[in-house]
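**Student:** Sequence:
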Amino acid sequence: MNLSISYILGLTLLFINTIFANDDKDLFNNSNEDDHYLIFVNNTYGEYQIFKNSNIQKRQESQDFVESLLDDINDLIINNKDTYQHPEKLEEIEKTKLLKRNEKNEDIYNYNNSYIVRPISSVGSHLVLYGYLSKKLVKKINKMKGIKSIEPDSIYYLHSNPYYNMDDILTETNWKSLNIRPNADLHLSLLSQGRSDPKLVDQYDTNYYYPSSAGKDVDIIVIDSSFHFDNEEYTNNNNNNRKAKCIASIHKEGDATIYDPNNKDVLICGYNDEDHFDEETNTYYHGDHGPKVADIAAGYKHGVAYNSNIYGISLPTLLTDASYASDNLTALQLVKEKFIRPHKTVINISSGFGVKLNQKDDYYNCYKQEKLVIDAITEKGGIVVSSAGNEKKYLSGENELSIPCELNNVICVGGINNNSKYLILNSERTSFYSKHEDSNYGNNVDIYAPYIATYKYISSSSNIYIEREGGGTSFSSPIVAGLIAQIISENPNKNYTRNDALNELLKNSEENYFNYIDHNNIKRKGIIANNGKHIVYSPNNIYHGCGILAGNLPCYTTTTTTTTTTTTTTTTTTTTTTTTTTIATKTIIPNVECQNLECLENHDTEEIISVYL
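Residues -21 to -1, 1 to 592, numbered by mature numbering (1 follows the signal peptide of the UniProt record, and there is no 0), are exactly what the sequence shown covers, in order.
Note that these hints are calculated values from the structure, not bench results. There's no promise every hint is true.
[Claimed, not checked] Here are the simulated distance ranges between beta carbons:
#, residue 1, residue 2, range
1, 115, 474, 44 to 54 Å
2, 115, 503, 29 to 39 Å
3, 494, 351, 33 to 43 Å
4, 220, 68, 35 to 45 Å
5, 68, 354, 21 to 31 Å
6, 341, 521, 57 to 67 Å
7, 496, 442, 40 to 50 Å
Glycine included, each C-beta is placed from N, C-alpha and C at the ideal position.
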């Protein structure tokens, strides 16, 4: 179904909505798609003896088949080294000796005719090979005769007791059930723990803890440049019955296309189409901003709320990674009229513009109209979240406003200084808990979230997957949108308004803040977003304190009573009570039972099994 909508108010404004992300400053590029793979082969010639010296075993058809196959694969690898993202790793493997002896002079068996691929398992006709391959080689090898399938190598986890306590987490958060994403992105792990202080916890916890509902039955609508939902970050769509698709596109001339929900889902919009083509330069210029924002909100690996529905409304964009205010107004009007599910809809806008608060400003009436539309969306049960901007400005709301972030019915999000994931290894990780130097801040910024985020998207220029980190409050905003979706999905019977959602965010985050000095030289707090889990764990179980910020270890308290008697005409007895707090420190490995403070002082904490004071 196509719907034509004229520009609201006939706006042909020359100012633009600036997209608040420093995407060109990609901090880390993790786009390496080379990996170790298991190659499953149908060996119709029978079982192959892997750990039998091939020089002395009787040659059989099975051996000839395996050797021939490995030679073919090895030749294919050598002729396609340029397909590897990191060919230097391949070269290191090639240098490994095929047959060597260890210190005990024991044979180490490797197939002696291929450096890269080797057999690791064979039962009857079922043969498994192991090798380091590029993505393109996987596709080529998969077409070879006898190859059944190729799968990435998986991880075996040791069944040891976890360093975290699931019961404690559920008790603290009141979540119905708990999911844990191990070794998660820094922008995610920061959301699900209090301040990680090396003075209290020895190692940073990289897990992301979140409620299992994870935004289920909540709609996140992203208004942005373009979208590509035909992406492995949305592979859980079918399993969880969540949706990830385009719902509308705004066009250059003010028209809009609404995609019919009864037809096949539109997964790509705003990519290499006429609304993003510049005739002078003969190039497309959408910049892939929208796919990054959508992934951070609801992607399977990188998203905060991966069970939520994620919908895109694409806008025509300019060479400066920006869009016209008129197009944003059109998109907001569409949301107001067509796409609000009351109290189940979160709208993310990672862009904005500035306006002076006087009627002589060129953009004053546009600001007033956008305020009216957002107020109407809020009245219908939608919750609008927006980025504060990256100009290092103080947002006081006195003489100038950043639109839409500073509007009363918008949750305005700034960014914190999570500049490097490598800081989690040292004492400098406390720098995470401060405002990012480029983020706007001030009275009208409601909450702060990670400024740096990791995302994965399909590049519009090369049509390949790219996984990397980028920075900007454009990414702080969808993080908070995802947190709101989590809150709503955990409490499906409550009708959350904008104020309800913000109050819940602030309640979850009130103990997690940084201080800053405002433009009037007054000390203020910047609240850092948290999903309700504040217990800070150390993966190696080493703590230097007690309480919720140190693994929820108990703090032991002892009371000592001293009696002093003075004899004069009248005998007076004075009782003095001294309270001593003993901190449960570091890992307790079974060895010694302590029943007094002297015992604690004379033994290292690693020796203590229990304390009875």
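**Student:** Each hint needs a verdict: does it hold in this structure or not?
**Tutor:** Now for the hints, and whether the structure bears them out:
1. 115 <-> 474: 44 to 54 Å: 51 Å, holds
2. 115 <-> 503: 29 to 39 Å: For residue 115 and residue 503 the Cβ distance comes to about 54 Å; the hint is violated.
3. 494 <-> 351: 33 to 43 Å: Given range 33 to 43 Å: holds, Cβ gap about 36 Å.
4. 220 <-> 68: 35 to 45 Å: Holds, at about 40 Å.
5. 68 <-> 354: 21 to 31 Å: 56 Å, violated
6. 341 <-> 521: 57 to 67 Å: Hint holds: Cβ distance 60 Å, inside 57 to 67 Å.
7. 496 <-> 442: 40 to 50 Å: 48 Å, holds
Figure legend: structure checked against the earlier numbered hints; hints not met, in rising order: 2 and 5.
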